[in-house]
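K.L.:
For reference, the chains in residue letters:
Number of protein chains: 2
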Amino acid sequence: MKAEIITIGDEILIGQIIDTNSAWIAKQFNRAGIEIYQVTSVHDDPLHITEALKKAEEKVDLVIITGGLGPTKDDITKNTLCKYFGTKLVFHEPTFEKIKKRFANRNISMNKLNRDQALLPESCTILPNSAGTAPGMWFEKGGTIIVSVPGVPFEMKQLVTNEILPRLRGNGKLKAIYHKTVLTQGLPESMLAEKLAEWEDNLPGYIKLAYLPNPMAVRLRLSAIGDDEKMLRESVEEKIKELQQLIPENIYGYDDDQLAGVIGKLLIKKNASLAIAESCTGGYISHLITSIPGCSAYYKGSVTAYSNEVKENILGVSPNTLEKYGAVSKQVAIEMALGVKKALNTDYAVATTGIAGPGGGTEEKPVGTVWIAVASPTKTAAEKYVFGGNRERNIIRSAQTALQLLRKLVLKE
Amino acid sequence: MKAEIITIGDEILIGQIIDTNSAWIAKQFNRAGIEIYQVTSVHDDPLHITEALKKAEEKVDLVIITGGLGPTKDDITKNTLCKYFGTKLVFHEPTFEKIKKRFANRNISMNKLNRDQALLPESCTILPNSAGTAPGMWFEKGGTIIVSVPGVPFEMKQLVTNEILPRLRGNGKLKAIYHKTVLTQGLPESMLAEKLAEWEDNLPGYIKLAYLPNPMAVRLRLSAIGDDEKMLRESVEEKIKELQQLIPENIYGYDDDQLAGVIGKLLIKKNASLAIAESCTGGYISHLITSIPGCSAYYKGSVTAYSNEVKENILGVSPNTLEKYGAVSKQVAIEMALGVKKALNTDYAVATTGIAGPGGGTEEKPVGTVWIAVASPTKTAAEKYVFGGNRERNIIRSAQTALQLLRKLVLKE
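In the order they appear, the protein sequences are chains A and B. For the first sequence, the residue numbers in my numbering are 139 to 551. For the second sequence, the residue numbers in my numbering are 139 to 551.
Simulated from the structure, these hints should not be mistaken for laboratory data. Predicted model only: the values in this text are computed from it and were never measured. Keep in mind that the hints are not guaranteed to be accurate.
Intra- or inter-copy, both count: the list cannot distinguish identical chains.
[To be verified] Below, simulated EDC-like cross-link-like pairs (lysine to aspartate or glutamate); rule was C-alpha separation at most 16 Å, straight line:
| # | residue 1 | residue 2 |
| --- | --- | --- |
| 1 | K480 | E450 |
| 2 | K546 | E447 |
| 3 | K250 | E332 |
| 4 | K480 | E195 |
| 5 | K226 | E501 |
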């Protein structure tokens, strides 16, 4: 089965919001064996929407339209769909009851705009939206399924998961697709490609390989498409086993594995605990660690020591060290790591101190200079990096690098 | 001038990466007066790329293609472009010298894949890439400009900013566009729409209004398109002044203003300092605060007190309070806020304690229950929320709500 995603909304085309909906839908659909042929973002404009629908219908079996269903006046999708499918808006009592109940529960009164959300195209199947007021609409036309859902991510996700996918599964006959992504660190893309050239040449024709570089990692995605899902999976897993022999040091995870989650698993295995001291990363490492469910099993907490006062008073960094070497130094990084490890009574600790920018750089220590220290029950180490990007990039790279150093340390001990 | 963005890459269509490039390009282009007609994401497939190019050429004056220019074998864009423009790849000496120098600086050796990046279409203008090895390619065909840039965000941004926009500005004749977005809090979309109905009806025809709801805010975007930029800007600003009269309490900022930045400005005005104590938000509020350049003027730091031990030992939360009321309680939130304010010696503090999920919920305190406390030199207050979303959503909403409470407190005092 082939699908196209059409997102409606000027806000995407002027760059005000990033289209995260399409990525989410693409991922879910791929897992369910539906190939995404194209993603098209169009204006809140009836002609443009109609044109995109027509083109998509020629190419795919399923079109999913997101956006353009809010209660306010910029809503035009419903009317365009009515015209396209030659139907008209009718009042849908069950939807109206739901909207009424929703407002009553929140103790706010309804107005005409809210009531109008119960006006829906007569010829479609209504998909109930348990997370909001605008329901999904399921149309069929000459073998193509066209579904329209609201653009609010939470509501869209509920509709895809609870309504659209179950209905499509009922149809049967989905083509088998198997993807697996190998996450690597420590080799640049070109070196990795050279090392894997022979392995790559021996991939069977139905497995496609793609290199997906990141600032901090190179991901290798293997995609197999065919009829027999079990065979595809086994074949991909077989090739990944070969890969594990070729670059054993470089693979740190698979698919959606996050470095913070990989570290969490290692710490749980060791029954060890972790604390973090952050200066330039400002809480971002702690945020990455606490984004992993269940992290309270190993994570005790962190101190963001943005001012020197906090470095001294809470982490016990010596005023002498601060004065002699400056806040961005090997010595301060190490004292921060040891200080937070002691104050929070943990087995491991990681600390960052650097100049995120845009201000604060000097000739000797330019913007992007970062010292990262790690401490284990028996070892302490620190490394210097000069990333030199903008503030956001420096924070992200510092945090990811800190987690890499931490992973290596926990792995070795 | 009208443009289309074509992004090439299977990774977008299987949902492995989110297409942030298009949003960034759209924003820059809009600011420069170039309207984005459509964003189209296609597969790494010569036929599909060619088809998308043909369709775009019919509609727009400028096509920008991102992705598909890495050194590895999944690269097919260059060959497709050669075929499309009836030209061939030739060796480009200046590009080769740049690549060589880049590798020498990093002390790593080049291989054939790196050398092949200097093979470029004969008929295009080469746009030098100061951030990577793959240059941009600028083609012209029957009045349409087609530019291809790498998909690595950092490299793409350099090329758009330093090469593409300056060249387009040289062309003259760009249509004037003026956008401004008003950020509001405290009124749901439908109520806001009702309150603003008359104002909206009186908008001139060349100003378009859109409601962009968020979990935490409703943004109102005013877009004016015409010939005279000064007139458009003045007209939009005039309408925004009227808006300030209509909903003075609800507007907290404009365009890219972030709540953390708005709070920062208020604190600088008062010459006041801030500390944060986080449990369920795990460092995310501190990350938001430290994402603002110059925050060291008011921000001293934070304590992520994930374990009760840290709440007691670092923040001075009483063991009695923890036992009597539990970690997720009004009393603990207040003691955390007062504790971090004292330990870090600041004027203001905010604290969160809650159950982010997916585990840890009870009947009395379900997943999503959060207590948020704020403290000023003279006041302390706490509020309870039950968000009840998933972990990520609970963390984000808790952090945004904490910043809202903080903003209100700082504003009042």
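K.L.:
At most 16 Å between C-alpha atoms: does K250 with E332 qualify within a copy, between copies, both, or neither?
P.N.:
Between copies, since 9 Å is at most 16 Å while 64 Å is not.
K.L.:
Please sort K480 with E195 into within, between, both or neither, judging by C-alpha distance up to 16 Å.
P.N.:
Close neither inside one copy (63 Å) nor across copies (64 Å); limit 16 Å.
K.L.:
Go through the copies and call it for K480 and E450: within, between, both or neither, with a Cα cutoff of 16 Å.
P.N.:
For K480 and E450, both the intra-copy (14 Å) and inter-copy (15 Å) Cα distances are at most 16 Å.
K.L.:
Indicate which option fits the pair K226, E501 if close means a Cα-Cα distance not exceeding 16 Å: within, between, both or neither.
P.N.:
Classified as neither; 69 Å inside a copy, 46 Å across copies.
K.L.:
Reference check for the pair K546 and E447, CA-CA at most 16 Å: within, between, both, or neither?
P.N.:
neither (31 Å within a copy, 28 Å between copies)
The structure fails to meet hints 2, 4, 5 from the earlier list, while all remaining hints are met.
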